[in-house]
Amino acid sequence: MKKDAKERQRELIYKLRIHHLYKSEEQLLKLPLHELEMEYKRVQSDCHPHSDSGSINWIHAKR
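Per the working numbering, the sequence shown starts with residue 15, numbered consecutively.
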């Protein structure tokens with residue numbers, strides 16, 4: 015169980031870092047797992063599905 019929690023913590027830290035909300039990973043490592051979960055849910059509710067991470071960015075699209 016502890017291994018699963020550590021993996022989930024690393025996954026959430028990675029996803030939160032993508033959104034550039036925290037300057038360093040150390041800030042996120044200090045947060046317990048339930049706070050990381052809450053923070054990630056807040057980010058997901060505030061974030062448009064096609065902005066920043068996970069979006070398709072056309073570089074040389076003809077218009």
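Since the hints were derived computationally from the structure, they do not count as laboratory data. C-beta: ideal position from N, C-alpha, C; glycine also. One or more of the hints may lead you astray.
When the alpha-carbon atoms are kept at most 25 Å apart in a straight line, the in silico SDA-like pairs for lysine to any residue are as follows [what the hints assert, rightly or not]:
1) Lys-37 - Ser-59
2) Lys-16 - Ser-38
3) Lys-55 - Ile-32
4) Lys-29 - Leu-43
5) Lys-17 - Asp-60
6) Lys-55 - Gln-23
7) Lys-55 - Glu-39
8) Lys-20 - His-34
9) Lys-20 - Leu-45
10) Lys-20 - His-48
11) Lys-17 - Tyr-28
12) Lys-44 - Arg-24
13) Lys-29 - Gln-58
14) Lys-17 - Lys-55
15) Lys-17 - Met-52
16) Lys-55 - Arg-31
17) Lys-37 - Val-57
18) Lys-55 - His-33
19) Lys-37 - Glu-49
20) Lys-20 - His-33
21) Lys-17 - Arg-31
22) Lys-37 - Arg-22
23) Lys-16 - Asp-60
24) Lys-37 - Met-52
The following label-pair restraints were derived from C-beta to C-beta distances [unchecked claim]:
25) Lys-16 - Ser-59: 15 to 21 Å
26) Lys-17 - Lys-37: 27 to 33 Å
27) Lys-17 - Asp-60: 28 to 34 Å
28) Glu-21 - Gln-41: 24 to 30 Å
29) Glu-39 - Lys-17: 15 to 21 Å
30) Lys-17 - Ser-59: 26 to 32 Å
31) Arg-22 - Ser-59: 16 to 22 Å
32) Lys-16 - Lys-37: 26 to 32 Å
33) Asp-18 - Gln-58: 16 to 22 Å
34) Arg-56 - Arg-24: 15 to 21 Å
35) Ala-19 - Glu-40: 16 to 22 Å
Verification of the hints:
For a cut-off of 25 Å, the pair hint linking Lys-37 to Ser-59 stands: about 21 Å separates their Cα positions. Annotation: proposed proximity of Lys-16 to Ser-38 holds, straight-line Cα distance about 24 Å (limit 25 Å). For the hint pairing Lys-55 with Ile-32, the CA-to-CA distance comes to about 14 Å; that is within 25 Å, so the pair holds. Proximity of Lys-29 to Leu-43 is assessed by CA-CA distance (about 13 Å); at most 25 Å being required, the pair is judged to hold.
For the suggested pair Lys-17 and Asp-60, the alpha carbons sit about 30 Å apart, so the restraint of at most 25 Å is broken. A distance of roughly 14 Å separates the Cα atoms of Lys-55 and Gln-23; the hinted pair therefore holds under the 25 Å criterion. Pair hint Lys-55 plus Glu-39 holds up; C-alpha atoms about 18 Å apart against a cutoff of 25 Å. With a C-alpha separation of about 21 Å, the suggested pair Lys-20 and His-34 falls inside the 25 Å cut-off, and the hint holds.
Restraint check: the Cα-Cα separation between Lys-20 and Leu-45 comes to about 12 Å, which is no more than 25 Å; the hinted pair holds. With a C-alpha separation of about 12 Å, the suggested pair Lys-20 and His-48 falls inside the 25 Å cut-off, and the hint holds. Among the hinted pairs, Lys-17 with Tyr-28 is consistent with the structure: their alpha-carbon atoms are about 17 Å apart, no more than 25 Å. Of the supplied pair hints, the one linking Lys-44 and Arg-24 holds, its CA atoms being roughly 12 Å apart against a limit of 25 Å.
Between Lys-29 and Gln-58 the CA atoms are separated by roughly 10 Å; this keeps the pair inside 25 Å, and the hint holds. Note on Lys-17 and Lys-55: the hinted pairing holds, with a Cα-Cα distance of about 22 Å set against a maximum of 25 Å. Our distance criterion of 25 Å between C-alpha atoms is met by Lys-17 and Met-52, whose separation comes to about 20 Å. Between Lys-55 and Arg-31 the CA atoms are separated by roughly 14 Å; this keeps the pair inside 25 Å, and the hint holds.
This hinted pair checks out: Lys-37 and Val-57 have alpha carbons roughly 16 Å apart, not beyond 25 Å. With a C-alpha separation of about 13 Å, the suggested pair Lys-55 and His-33 falls inside the 25 Å cut-off, and the hint holds. Distance restraint check for Lys-37 and Glu-49: the Cα-Cα separation of roughly 17 Å lies within the 25 Å cut-off, and the hinted pair is therefore satisfied. For a cut-off of 25 Å, the pair hint linking Lys-20 to His-33 stands: about 20 Å separates their Cα positions.
Restraint check for Lys-17 and Arg-31: satisfied, since their Cα atoms lie roughly 21 Å apart, inside the 25 Å limit. Between Lys-37 and Arg-22, the direct Cα distance comes to roughly 20 Å. Compliance with the 25 Å bound is thereby established for this hinted pair. For a cut-off of 25 Å, the pair hint linking Lys-16 to Asp-60 is broken: about 30 Å separates their Cα positions. With a C-alpha separation of about 18 Å, the suggested pairing of Lys-37 with Met-52 holds against the 25 Å cut-off.
As the Cβ distance of Lys-16 to Ser-59 is approximately 29 Å, the hint placing it in 15 to 21 Å is violated. Between Lys-17 and Lys-37 the beta carbons are some 28 Å apart, a value that agrees with the proposed interval 27 to 33 Å. Taken as a hint, the range 28 to 34 Å holds for the pair Lys-17 and Asp-60, whose Cβ atoms sit roughly 31 Å apart. Between Glu-21 and Gln-41 the CB atoms are about 20 Å apart, so this pair departs from the stated range of 24 to 30 Å.
The beta-carbon spacing between Glu-39 and Lys-17, approximately 19 Å, falls within the hinted interval of 15 to 21 Å. Distance hint check for Lys-17 and Ser-59: the Cβ-Cβ separation is about 29 Å, which falls inside the suggested range of 26 to 32 Å. At roughly 19 Å, the beta-carbon separation of Arg-22 and Ser-59 lies within the given 16 to 22 Å, and the hint holds. A beta carbon spacing of about 28 Å between Lys-16 and Lys-37 agrees with the range 26 to 32 Å that was offered as a hint.
Our hint of 16 to 22 Å for Asp-18 and Gln-58 holds, since their Cβ atoms are close to 21 Å apart. Take Arg-56 and Arg-24: their Cβ atoms lie about 19 Å apart, and the range 15 to 21 Å holds. A beta carbon spacing of about 19 Å between Ala-19 and Glu-40 agrees with the range 16 to 22 Å that was offered as a hint.
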